[in-house]
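Chains as they are written, first to last, in numbering that gives the first Met the number 0: chain A, 0 to 559; chain B, 0 to 208.
Think of the hints as simulated: they come from the structure by calculation, not from any bench.
Hints are not guaranteed to be accurate.
Some chain B residues flagged as far from chain A (calculated, every beta-carbon gap over 10 Å) [stated by the list, open to error]:
#1 Ile9
#2 Arg67
#3 Pro90
#4 Lys111
#5 Gly126
#6 Ser161
#7 Thr207
Using C-beta positions, here's what the derived DEER-type ranges look like [to be verified]:
#8 Arg93(A) to Ala119(B): 44 to 52 Å
#9 Asp53(B) to Trp467(A): 18 to 26 Å
#10 Thr166(B) to Leu87(A): 46 to 54 Å
#11 Glu273(A) to Ala103(B): 53 to 61 Å
Virtual Cβ for every residue (Gly too), placed ideally from N, Cα, C.
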Amino acid sequence: MLRLTANAVIVLLAGPVVAGLLFVFLPAFGYAPALGQHGFDLSAFANLLETPGLTRSLVLSLTSGLITPLVALAIVLLFLAGAQESHLGRTLSRAVSPLLAVPHAAMAFGLAFLIAPSGMIVRALSHWLTGFDEPPDLLIVNDRWGVSMMAGLVIKEVPFLLLMSLAALPQIQARERLAVARTLGYRPVTAWLKAVAPALYPLIRLPVYAVIAYASSVVDVALILGPTNPPPLGVAILRWANDPDLERILVASAGALAQLGVTALALVIWWIAERLITRLVTSWIDRGARSAGDGVFRWIGLAGMTAVVALSALGFLSLGLWSIAGFWRFPDVLPGALTLKTWSTSIESMGEPLLNATMIALLATGAAIAATLAALEHEVRRGYRATPFALTILYLPMLVPAVSFLLGLAVAAAFVGIRPGFWPVVAGHVLFVLPYTYLSLSEAYRRMDPRWFAVGRTLGAGRSAVFWRIRLPMLLTPLLATAAVGLAVSAGQYLPTQVLGAGRVPTITTEVVALASGGDRRFIGVWALVQALLPATGFILAIAVPRLVWANRRQMREAF
Amino acid sequence: MAHVLALSHITIRREESVLLSIDAVIRAGEVLTVMGPSGSGKSTLLAFVAGLLDPAFSTEGQVLLDGRDVTHLPPESRHIGLLFQDPLLFPHLSVASNLLFGVARNAPDRQKKVSDALAAAGLEGYGSRDPATLSGGERARVALMRVLLSEPHALLLDEPFSKLDMTLRNEIRAFVFERVRAAGLPTLLVTHDAADAQAAGGQVIHLTR
Numbered sequence: 000m001l002r003l004t005a006n007a008v009i010v011l012l013a014g015p016v017v018a019g020l021l022f023v024f025l026p027a028f029g030y031a032p033a034l035g036q037h038g039f040d041l042s043a044f045a046n047l048l049e050t051p052g053l054t055r056s057l058v059l060s061l062t063s064g065l066i067t068p069l070v071a072l073a074i075v076l077l078f079l080a081g082a083q084e085s086h087l088g089r090t091l092s093r094a095v096s097p098l099l100a101v102p103h104a105a106m107a108f109g110l111a112f113l114i115a116p117s118g119m120i121v122r123a124l125s126h127w128l129t130g131f132d133e134p135p136d137l138l139i140v141n142d143r144w145g146v147s148m149m150a151g152l153v154i155k156e157v158p159f160l161l162l163m164s165l166a167a168l169p170q171i172q173a174r175e176r177l178a179v180a181r182t183l184g185y186r187p188v189t190a191w192l193k194a195v196a197p198a199l200y201p202l203i204r205l206p207v208y209a210v211i212a213y214a215s216s217v218v219d220v221a222l223i224l225g226p227t228n229p230p231p232l233g234v235a236i237l238r239w240a241n242d243p244d245l246e247r248i249l250v251a252s253a254g255a256l257a258q259l260g261v262t263a264l265a266l267v268i269w270w271i272a273e274r275l276i277t278r279l280v281t282s283w284i285d286r287g288a289r290s291a292g293d294g295v296f297r298w299i300g301l302a303g304m305t306a307v308v309a310l311s312a313l314g315f316l317s318l319g320l321w322s323i324a325g326f327w328r329f330p331d332v333l334p335g336a337l338t339l340k341t342w343s344t345s346i347e348s349m350g351e352p353l354l355n356a357t358m359i360a361l362l363a364t365g366a367a368i369a370a371t372l373a374a375l376e377h378e379v380r381r382g383y384r385a386t387p388f389a390l391t392i393l394y395l396p397m398l399v400p401a402v403s404f405l406l407g408l409a410v411a412a413a414f415v416g417i418r419p420g421f422w423p424v425v426a427g428h429v430l431f432v433l434p435y436t437y438l439s440l441s442e443a444y445r446r447m448d449p450r451w452f453a454v455g456r457t458l459g460a461g462r463s464a465v466f467w468r469i470r471l472p473m474l475l476t477p478l479l480a481t482a483a484v485g486l487a488v489s490a491g492q493y494l495p496t497q498v499l500g501a502g503r504v505p506t507i508t509t510e511v512v513a514l515a516s517g518g519d520r521r522f523i524g525v526w527a528l529v530q531a532l533l534p535a536t537g538f539i540l541a542i543a544v545p546r547l548v549w550a551n552r553r554q555m556r557e558a559f
Numbered sequence: 000m001a002h003v004l005a006l007s008h009i010t011i012r013r014e015e016s017v018l019l020s021i022d023a024v025i026r027a028g029e030v031l032t033v034m035g036p037s038g039s040g041k042s043t044l045l046a047f048v049a050g051l052l053d054p055a056f057s058t059e060g061q062v063l064l065d066g067r068d069v070t071h072l073p074p075e076s077r078h079i080g081l082l083f084q085d086p087l088l089f090p091h092l093s094v095a096s097n098l099l100f101g102v103a104r105n106a107p108d109r110q111k112k113v114s115d116a117l118a119a120a121g122l123e124g125y126g127s128r129d130p131a132t133l134s135g136g137e138r139a140r141v142a143l144m145r146v147l148l149s150e151p152h153a154l155l156l157d158e159p160f161s162k163l164d165m166t167l168r169n170e171i172r173a174f175v176f177e178r179v180r181a182a183g184l185p186t187l188l189v190t191h192d193a194a195d196a197q198a199a200g201g202q203v204i205h206l207t208r
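For reference, chain A alone in the conformation it holds in the complex (with noise of 0.2 Å):
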C-alpha cells in the first residue's frame, strides 16, 4: 500500500473530476443513451437560455464569485496587518479557529436566525429604538441580490482564508519583514501592507480560488440565505437535475457548462484584477510613503474580524436559544418558556441521518488519511517533493465547481452499473476530504528531522518498522489533528451526498438544509446544532487524546 505514489493520488483527485466533466459534456449536447437521445444537438442550451431568470441567475453567482473573496479577503489582510501584536487582535485570532469547524449550512442558519426580520437583531433593536410590535416587512434573507447568502459566506471564509495566512506568514520571515521596514520609519499598517502582504498573498492564491470557485457555485449556503427565483445558477441547476422530467436533466448539464463557464469567468476577472492591483501596489511602494491610512485600514480590520465572530457567535446562541424555545412572542429577546421538547422529538428521527454522518466521515477521512500517508511515504523515500502542477491538481476538486463535475459523475456512475447510495457518497466525500488531509499533513510530515530514521535504520528496523514504529507515534498529535479536519470537511458536505446518494442517504447535513423550506425554527436550531456538534467532537479529541496520551513525554506534547 505505502508503494502507492503521489501519482495515484492525482489521478484518485483528477480522475474523478475529469470524468464528471466528460459527463455532463456528453448530455448537455444531446448524448444520454439512458434518456433515449443519441444524437449530437443544441437543444438543450436552446432550451438553457430559454429558462425564465437565467441572466439573474448567471449574474448572481458571478457577483458572489468576486464580491465574497475580495470583502473576506479584504478583512483577513487588514486584520493581520492592523491587528498583529493587540491583544484584540490575538483573542480573535484564536476565537476564529473553532470557526472553520462549523458546517457552512449551520453558520447560515445561524446568520438567518439573527438577520432575518423577526431575528434577534430586530427584536433587540425593537425595545428601545424601532419599537416594532411585529416583524417589519422585509425580505432580508432570502434577498434578491443574494446579500445575506455573500454575507453568509464571507463569516464561513474569513476563518479559512485567516488561518491559511497564519500558516504561510512564518513561511516568508513576516516579523523579520515588518521589523526591516519599521526600521526604515514605516507606520506598522503600512509596513504590514508594503512589506509583507505582497509575499504572502502568493502562498495564500490557491486558497482564495478555492474561495471564489466555492462562492460562485454555491448551493447548501444559496439554499439557506440566497435569493429564491430566480436562485443562483447551482441552486438551479440542482432543480433542474431533480426535475421529474427527464428532459431537464439535459438541461441541467447545459448548466452545469453554464457554471463551469461562470466560476472560470469569475477566476480570469480575479487573475486580470491581479495584475492590476499587482502595478498599482508596487508603484505605491516605490512611493515610499511612510503612512497611508494606517488608523483607517487598522479599524476597518478589526471592525470586520469583530463582525465576523460577533455574528457566528450569537447565530449559534440563537440557534441554541430556538433549539429549546417554547412559546416565544416578538418582540421579546428571550423565548417566554423553555422546553426540551423539540429535542426529544428530533433524536427520535435522528438515529438514521446521525449514523450516516459519522460512517461517511468516519470511512472517507480513513481513506483520505491512508491515500495521503501512502503518497507522503513514497515521496520521502524517493526523495522528491511535490511539483506546484501537483499541488494545482490537490486543489483541483476545490477549484472546480463542485456540482458540475459531481452531475457528470453521478450519471458516469450510473454509465458503469454503479447505483447510488452509500459507497457512491463515500467515495464522493474523498474528493473533498483528500485535499484538506494532504495540506494539513504534508507539512508535519516533512518537517521531521530525517535523522530519527537514520537512527531507526541503523538500529536495525527496516523501512516499514521505521514508519510504524517511528513515524506515526511521533505524528499522533498531526494526524489526530488531520483527521479532525476530514471529519468536518465531510460532515458538512452537502452536495456530494445529495447527489451520488440520489438523496436516499439522508445525513444530518441534508436533513438540515432541506429544513431550510420547511422553516421551522426550533427544528433547524436543533439539528443544525448536531450537525455542528459532529466536526466538534473530532477537535475535542484531537486536542484531548495527545494530552493524554502524552502525558509522560515532555517533548510530544511540545512538537506541535
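Add chain B to chain A, keeping to what the hints say.
Relative to chain A, chain B alone:
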C-alpha cells in the same frame, strides 16, 4: 569475534565533481578519525558507510565489514551503528523502550539486557523515565547504550561530542571510547575538534574541501 571495517577505494561524487576519496582499514577497537572543515563531505562519508546516502551522489568503492561487501545492503542489515551530535532518543518512548528498540527482537532476556545497560551507564531505575527529563550527559549515555545494545559490528560517530559543554564533553568522550574499546568495535569518527582526534588516539585522516 574481532571485527574489521574496511573502506576500500571509496570515491564519492556529486554532479561529476569528486567530493572525497578515502581508502582505509579500521581494526577491532581502533578509532579512525576523519577531520575536515564543514562542507568537506565528512557526514556524506558516514551516510555512505551506514547506507543512508542520498541517491543524488554517485559512488565507487566498497564498504567491507569482516571481509563481506555490505555496500549494497540496506542500513538495517549492515550491523553498523551510528551516533549523531544529538542523542536523538525517541521522544514518544520511555528510556527503557528506547533501549529495547536497539535490542534484536529474537534476542533472549531482552529486558535484562536493558537493565544491565542502564546499570553500566550509571542510570539504574531510569527505565520508566521520559527521555525529555534527562540531563544532556544522561541522554548521551543512553544513546550510546542504545547503539551498543543493537550489537553492531562497527560504529560511526558523527561529531558526537560537539554539542556538549566542555566538562561534559571530556566525561562523555572518555565514556564512549572506553565502551568502544571494551566492545572491540572498529570505529569511524568524524569531527572538526582536534581534541577528539587526540582522545581517540588512532590514525587521523584530513579531508580538504
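Hints versus structure:
1. Against chain A, the non-interface label of Ile9(B) holds: every CB pair exceeds 10 Å, the least being about 18 Å.
2. Distance to chain A confirms Arg67(B) as a non-interface residue, since its nearest Cβ pair spans about 17 Å, more than 10 Å.
3. The claim that Pro90(B) is not at the interface with chain A is violated, since a C-beta of that chain comes within 10 Å of its own (minimum 4 Å).
4. Every C-beta of chain A lies more than 10 Å from that of Lys111(B), the closest at about 19 Å, which supports listing it as non-interface.
5. No beta-carbon of chain A comes within 10 Å of the beta-carbon of Gly126(B); the shortest separation is about 13 Å.
6. Interface exclusion of Ser161(B) from chain A stands, the closest Cβ pair being 14 Å apart, more than 10 Å.
7. Every CB of chain A lies more than 10 Å from the CB of Thr207(B), the least distance being 26 Å, so the non-interface label holds.
8. Distance hint check: the CB atoms of Arg93(A) and Ala119(B) are about 49 Å apart, consistent with the given range 44 to 52 Å.
9. The given range of 18 to 26 Å is respected by Asp53(B) and Trp467(A), whose C-beta atoms sit roughly 24 Å from each other.
10. Restraint check, Thr166(B) to Leu87(A): a C-beta distance of roughly 49 Å satisfies the suggested window 46 to 54 Å.
11. A hinted range of 53 to 61 Å for the beta carbons of Glu273(A) and Ala103(B) is consistent with their spacing of about 59 Å.
Checked against the numbered hints above, the structure breaks only hint 3 and satisfies the rest.
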